[in-house]
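Student: Take a look at the letters that make up each chain.
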Amino acid sequence: MSATTAVAQAPQGWVRRFRNNPTSLVGLAIFLAVILAAVFAPWIWPVDPLEQDVVERLVGPSLAHPLGTDSFGRDVLARLLHAGRISLLIGISSIALAMLVGSAIGIAAGYIGGWFDAMVTSLLDVLLSFPTLLLGLMVVAMLGSSVENLVLAIALTELAPFARVARAPTIALKNRDFIEAGRALGFSDLRLVVVHIIPNLISDVIVVASLWLAAAIRTEASLSFIGLGVKPPTPTWGGMIREGFENILDAPWLAVAPGLAILITVLGINLLGDGLRDAIDPKVRND
Amino acid sequence: MTEAPILEIRGLSVEFRSEGAWHAAVRGVDLAIQRNQTHAIVGESGSGKSVTALAVMGLLPQQSGRIQSGSIMLEGRELIGLSEQVLDKIRGKQVAMIFQEPMTALNPTMPVGQQIAEAVRAHRCCDASSAWNEAQRMLDLVRVPSAAQRMRDYPHQFSGGMRQRVMIAIALACQPRLLLADEPTTALDVTIQAQVLSLIEDLKREYGLAVMFITHNLGVVALIADCVSVMYAGEIVETASVNELFAAPKHPYTEALLASMPRVDRDGQLEPIGGIVPSIREIGAGCTFAPRCALAIERCHSMRPPLMEVAPERTVRCWVRGVAA
Amino acid sequence: MSQTPILAVKGLVKRFQVGGGLFSRPAIVHAVENVAFSVPAQGSLGLVGESGCGKSTVARSLLRLIEPDAGEVVFEGVDLLGLSKPRIRSVRQHLQIIFQDPYASLNPRRTVAQTLTEPLKVHGLQSSSEINARVAAALAEVGLPADSARRYPHEFSGGQRQRIGIARALVLAPRFIVADEPVSALDVSVQAQVLKLLDGLRARHGLSFLFVSHDLGVVRHICDRVAVMYLGRVIEEAPVPDIFDQPLHPYTQMLRAASPVPDPKARFALPRIIGEIPSAVNLPSGCAFHPRCPDAMPRCSVEAPPMLEVAPGRRVACHLHSASGPAENSRARP
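From first to last, the protein sequence lines are chains A, B and C.
Take the first sequence: its letter number 33 is residue 33 in the working numbering, and every next letter is one higher.
Take the second sequence: its letter number 150 is residue 1150 in the working numbering, and every next letter is one higher.
Take the third sequence: its letter number 46 is residue 2046 in the working numbering, and every next letter is one higher.
For the record, the hints were derived by calculation from the structure and aren't laboratory data.
One should not assume that every hint holds.
[What the hints assert, rightly or not] The calculated SDA-like cross-link candidates involving lysine to any residue, where the alpha carbons are at most 20 Å apart (straight line), are: (1) A:Lys174 - C:Phe2016; (2) C:Lys2085 - A:Leu190; (3) C:Lys2196 - B:Cys1227; (4) C:Lys2085 - A:Val193; (5) C:Lys2121 - A:Val193; (6) C:Lys2010 - C:Leu2081; (7) C:Lys2085 - A:Ala255; (8) C:Lys2196 - B:Pro1272; (9) C:Lys2265 - B:Arg1292.
[Claimed, not checked] Here are the computed distance ranges between Cβ atoms for each label pair: (10) B:Gly1284 - A:Val101: 52 to 62 Å; (11) A:Val126 - C:His2123: 36 to 46 Å; (12) B:Asp1267 - C:Val2091: 28 to 38 Å.
All values derive from a computational prediction rather than experimental measurement.
Where is the CB? At the ideal position from N, CA and C, for every residue including glycine.
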């Protein structure tokens, strides 16, 4: 093994590499903070996000309302935290769905090959040619905007990247010697895919998942912003930005707070995703 | 020996960084190559042979490799310590290198004629059309049939052996004095290898080149080398003329290597060498080969033997065998 | 004592389609054309040739990792090509394969134990004590320490990984092993270790081998007989060492002459080798080797020579050695 070639990294070393990268840790910290805030929202700030107070409308940040109130007198901080729950729930569910279905399609296409693969790839290309938002919009417009439909719509926009990222390694792996060895040993195709191929591409898929989670959250926010997201009065970040826009001159903090929330969340997820990718699949390393 | 050698390496040591610490990959290499001479460096993985060639070209990976000490003199000029700009002028013009995988060394999106012409222009400042003509002449020289038509073809349209010839054409386009060949025929079929080796031999004689030929194949060494250095775990362990090395190998590793090679011209017992090559992190105090050596004595494990001259132009790094005959 | 060969191949054909699109017909690569050979029980046949000769395709066709287009592969009396998928699976225990690339032949995410255990489980062995015993025995056979079982492939060197690959092939107690360039990717000294291992296994278990290689020295050492392939056909078949000491077919002679030997005294002017190996898409007419053959006769470009037994145990496909002899229109050979 020449010292000049890029040293093949042990797949199992990724935890250590991840820990050694400060950017990844920052991303992880932010992401965990956001999740915890969302999960423990009712305990962190036990105020009802839906409770209206006509007197205290459009009040600026104060002790009682650290982020002020909106045009209905609802506490912005409470809404922010609860909106976080919804947005994260939708984002994570849609990614999980896209990951499972998309990967399955990609693996099947890659492994079976031939006309099936050609057909699936064409369909994926069609899917990919739609701008993300437009696609989500079409689905929601057709099905109506409930939480479930939103998850479905966003999952659809993320399907193709997962299919792609699962298909490529499948094609590369299915002709690898150790798969041929498995066939020679009498293993069934199912066993080869489940036991041998999938574990070798899981890390790639997870990296894509983490990067597209950010996209999912942005898509949800965009859909909610244009009014096709979760219906009010349920708070979502996108919806809050929309409401904030309507009062931008009187109460600018109404738009800023959810905007910042999205920014921080997306930043954390991106850093985390980059960190995972670098740890799991480092190409040229300068030790 | 009347002429000064074209390449002279003294005490070259190269280090690589692995997991934060620097380790010696090549230690104390001495060698000299004359005009019209093929000097083979033979060794297995981890012997440091490729690293030595990269060090001469100044192509060590910047972040993780460095020359720790020693001197590399090309036609009397010290190469170590020269700036990248000066080295750029020297590379291609005075010393050229060919590699094992021509497909990765050639630009897949550029016709080969253009790649050779580019090499010509880089060092000879001539205009495009004379460079093109010169490139075609080179392609013909390396025995690519129908050179004129093939000038416009892309690398993928050539077979492995033909691509290797293109690489040789590029390397020799500016008539360097020294050619470094790093396993140039290892990836080729045996009959194609014979053709390419014969081509290199003919070109060497025609241009009066000094050739450093790196390989792991002792059969190839016997075929083309004038002089051989055997490397093990980063050190030269034996240097001799090709006839002497095969007739009477002195270093136990050289002997063991010869005894472990299956030969097509005769039957015989294979004697594998027990153990494995130590990694650069595991090099101990004594002789690097001692753990695997049948002749090792006490001293071999504790003190590193120097290269000892046992006859004119014949050195061995061994406490047991390094005594003058 | 009748010696029925453990493996007899007849008329093996495999063609691949390459390229072609909406308006152009795909080209046909004649990877394997009418290949026939047999391996005696407990014997070892070497299959040699250069790029494009089809030896790897033949090796994989024997195990039906590639499905041949025509022919017979008779293993212990049964034609494997006629078997159904489920029957093939059970036969697969007896016919195993070792690959060339020690870095690609093992699943990097499975421990050695998992890799060795899996085939046993798939073929119905349930008792974990029996499984562990077999895994330990396989590791011992290939000279690896018992604690290797817990480790991952990346923790081993190339030679050690190759041993793990061999252990995996052995764990089902096969009777026949197809070795596809098993030592080509290894250093010389490690090659010798693995070759010695294979030699030992052959002796201890009475295994039969088909040994695919481009290295004539390795083949001379480990094989009893050799079949030489060129552009999809077997052009000569003979026992070792005769085939290397007295090659009959001009291509075999060319191959032998071009193979480097670690002896500078054997260095003569490198043989005059004409041209390159043509692509397997546009096969030359008649004998596939005639464009490069120093002894080609007019007949060679017209008629493909049949494989004939010219001496006991020696078969050649060459008009120079045909029944009518190189009489008419021939040039004297130097």
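Student: Each hint: holds or not?
Tutor: Evaluated hints:
Distance hint between A:Lys174 and C:Phe2016 is fulfilled; the C-alpha atoms sit about 18 Å from each other, no more than 20 Å. Proximity of C:Lys2085 to A:Leu190 is assessed by CA-CA distance (about 14 Å); at most 20 Å being required, the pair is judged to hold. Note on C:Lys2196 and B:Cys1227: the hinted pairing is violated, with a Cα-Cα distance of about 31 Å set against a maximum of 20 Å. Distance restraint check for C:Lys2085 and A:Val193: the Cα-Cα separation of roughly 18 Å lies within the 20 Å cut-off, and the hinted pair is therefore satisfied.
Taken as a hint, the C:Lys2121 and A:Val193 pair is honoured in the structure, with Cα atoms around 17 Å apart against an allowance of 20 Å. Note on C:Lys2010 and C:Leu2081: the hinted pairing holds, with a Cα-Cα distance of about 11 Å set against a maximum of 20 Å. Taking the CA atoms of C:Lys2085 and A:Ala255, the gap is near 65 Å; set against the 20 Å cutoff, the hint is violated. Distance check on the hinted pair: C:Lys2196 and B:Pro1272 sit about 8 Å apart at the alpha-carbon level, within 20 Å; holds.
At most 20 Å may separate the alpha-carbon atoms for a hinted pair to count; C:Lys2265 and B:Arg1292 exceed this at roughly 30 Å. A C-beta distance of roughly 56 Å is found between B:Gly1284 and A:Val101, which places it inside the suggested range of 52 to 62 Å. About 44 Å separates the C-beta atoms of A:Val126 and C:His2123, a value consistent with the hinted range of 36 to 46 Å. For the pair B:Asp1267 and C:Val2091, the beta carbons lie near 35 Å from each other, so the given range of 28 to 38 Å is met.
Consistency with the previously given hints fails for numbers 3, 7, 9, ordered from lowest to highest.
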